[in-house]
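Next come the chains, spelled out residue by residue.
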Amino acid sequence: MTMRRLSRNEFEGNRVKIAKIRVIPSLLLEASNELQRIGSEVEAVGDQVQTAASRAPSYEGQFGPKVHSLGSEAMVRSRKLAQDLSALANVLRNKGEDFESADLAGAEGLAGILAKLEAWLSSDRLLVLSGFSKSLLTRILNLGTLLSTGGGEVPDEEPDWEPPKWASSAICAYELWSWFDENIGQSIRDFTGKTTIRVKQGLDGIAWAFYFSMTQNPQSQMAMWINDYLLTVQEPGLPPDGPLTVAYEAMMVVGPTGDPASLVGTELVELMWDRRMNVSFIMPSGSGASPWEGRILLAERLVDPSELDLPENAALVGHELTHDLQRELNDPRFFPPGSLRFEEPNRGIVGDSTNYMEVMAYIVGETIEYDLLLQKASSVGLSAADSLRLNNIENSLATLTDPNSWNAAQSIAAYHQNCDVYLDNFVLENSLPDHRIPPGGWQHWLRETGFSDASIKHIESIAARGTPKPLPALDPNTGKIIPATPTPTITSTPISPTSTPSPTPSSTPSSTPSPSSTPTPDPSPTSTETPTTEP
Amino acid sequence: MNKHTNTKSGSPSSIRKRLILVIFSLVLIGTDGVLLAGCSLLVPMSKVPTIESPRLQQLTDDAYLYESPAWSPDGKRIAVTRNRANLGLHGPISTEYEVVLIDLQTGKTEVLSHQSGWAIMAPAWSPDGKQLAVIGYDRKLNSLLLYSIDSQEWTEVECSFCEYPTWSSDGMSIYVAAMLGAGPGVLGEYGLLQLDPVTGQILAEYPLGEDFLGPYTLASDETEVVLATGSPRSDCEAIWRLDLISGDKKSFIDDPNVDECDPALSPRMDLLAYTMKDGSSGATNRLVITSDLTNEVSTLIAPNQPPYEIHYLSWSPDGKRIAFAYGVFNIIRPAYSDLYVIEVPEQLQAMQ
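Going down the list, the protein sequences come from chains A and B.
Counting from 1, one number per residue, gives the positions in the first sequence under the numbering used here.
Counting from 1001, one number per residue, gives the positions in the second sequence under the numbering used here.
Keep in mind the hints are simulated off the structure, nothing from the lab.
A couple of the hints might just be wrong.
[Said to hold, decoys possible] Result set (SDA-like, lysine to any residue): computed pairs, CA atoms no more than 20 Å apart in a straight line: (1) 1140/B <-> 469/A; (2) 469/A <-> 1257/B; (3) 1140/B <-> 1185/B; (4) 469/A <-> 1280/B; (5) 469/A <-> 1305/B; (6) 376/A <-> 1185/B; (7) 469/A <-> 1258/B.
Everything numeric in this text was worked out from a predicted model, so none of it was measured.
If we strip away everything but chain A, and leave its shape as in the complex, we get (with noise of 0.2 Å):
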């Protein structure tokens, strides 16, 4: 695919047509405040960015270094920064005083501010680092004040096209076109009475962006790529083509009694009948997030409505969707609402979640997947390896259901050490008195996030079939586990005898199969008689 950049012609005249707009000054005067408040928090941020890179584990010896670094130079360019945004707003507020020239110093000031924030986030490294193009995000921040670019090339037809790189990353794009949209734009636009591109649901804006700055063709593969991968919303209700619709109908299947396969699938999917949600496929494969709320981003291959009937793959959805209620629980210490905040010193990251958080998630999660698995077994059977897997989900719940709530949040970075995120948040926690758990166990916190006393009995009824795993000691600085017996290296030890188990031939031992060889749910279990779900 090729791509068009920007003449500078092309550029300087996006920038005439920002001095044909009029200003009027009371808003130079409130732009001229906002810049002054947002400068002191860019600086704040600049800090906590470089707080934050200093932890930054290091991966392989390669990574970590390089955030801490990038951390020092986003807390001196934040100040920068802060400090540019402060003389702009002195400039402003001088110009707007100024009646007379207001127009003309108005368009020149926020032109100047886009000019700097662009400087700042297309600087050799971040450019390198964010996979922004310089020329994108002049597009982007161009619209963000309701100028077209005027061009780009259609794309060429690619049957293996896929999206590059940054393209993903679409989403943060969206939310800066939007601070701009909103915040300057909107002014503007309240003044000249334009309201040309007056987005203001979600992922829209960035679609915008795209057509308009880079194809100006809806039917490219980029633009259809944006509408089929980041722009989906889940619409209240089952719209045929919501994007969940799939997963929340394998979340309410009924048995052969009519009664629902998933009590808990199915109350999940009542908690969000009357939500809209926006949803982007984006993710590594398998993987799910909810960074704040009102949006989760899942797997890229579930953008395949088929895929979603899975179990594993309902579950995640159900993961998801968890969170998402617990983030409109507005309980910022213990349910952090995933935007950017202040109050928390330690914190202070976008999508922040705790363990805890993670553990409820995986509780219903793991039990809409058994409870589907079930409904799998009473219609088509279960292989084996179906049936080691609900043995394993009993043995989770177990775990996750531990009395012990701190036991239950360890357990996450204990079985997810791939997770930096999970470990970030046991090294956080460990040191926290209440380590980001709030009081009153995990039955409490899902009934606050609307499930049923039957849904939870019912977790319980399957946690009590597992046996909890153990719980490994973990680093404090790191999370990682502490090998119980450490062996200098990871080298081979000598070929000599060790300690002899020596085979041993005994007698048959009963035949009897263990309690978990044959999920048996209730109510009335036989060892080969396929359970049928509770009401």
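Position chain B relative to chain A; hints supplied.
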């Protein structure tokens, strides 16, 4: 009581935060395109630490999941199960298993794919090396699939609840781990089946009465099977011998202080390789060999880096090397592993 509070996102405060959010997010995007924070709440960073040893050869070095290696009869290739959708929060995606052939001399890989796009796993070479038996998964049920190396054609044998095929030494039958008697409304019982690979006819059933799902070794004379209770992807406990003549099973290796797993008999059937987890390590991380002749247990390798474990052992046809997978093998959590080959020291080979 539901305490959801809908918050308005367009306030000046939230707008300011969103600008900063963006800056913050952009700053924390890594060089490899992986988001560390900001736009991504959960980002797996999944790479198994490398094991280093003069006797080791590392065959794979990526973030995928490898299981069930199987050495071709001529010793030139290894067929192995791979999952590239292995980092799901709720475990490797069940529809994404594939079989990869690795040429041990050139390192070249060939991915086998079924014509219907089914997931395929647990390869087993026929004794003449002309066919691979694999388990196929069509999103609902399993099948036993036979793949012709020469014609690249697939043959399906109905076997809905089967796992882990193993050929008899004469190539006339295939054994599979299975849920015996399973079907709609019936969970069945763990056991082994012997099948005719041409007709699909069940030749024999061997119920186990124990939790079992994992690789096992069939004695060349088909008189017994050595297997572990549990599974590499769950918790193994002990190694058993199942007498295929009488149907009796006997505890074979069961140290009360150690969990044993992955039994693999050498081609000459006089060495047994298996893995161990002792109470203190918390992970199955010791690969050992024992001999019927000496009753001694020798450690081949014992990396101590929990949660990384050794599983899925496969002897080379000449009995000089063992292929194994090293990594994390959860079934409902992200799983990832690498494939290695380790040489068996000559003094141990001499026992054969």
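Checked hints:
1. 1140/B <-> 469/A: violated, 29 Å
2. 469/A <-> 1257/B: At roughly 17 Å apart (the allowed maximum being 20 Å), residue 1257/B and residue 469/A satisfy the hint.
3. 1140/B <-> 1185/B: holds, 15 Å
4. 469/A <-> 1280/B: Holds - the C-alpha atoms of residue 1280/B and residue 469/A are around 15 Å apart, at most 20 Å.
5. 469/A <-> 1305/B: holds, 18 Å
6. 376/A <-> 1185/B: holds, 9 Å
7. 469/A <-> 1258/B: Roughly 16 Å separates the two Cα atoms, so the pair holds.
In summary, the one numbered hint that this structure violates is 1.
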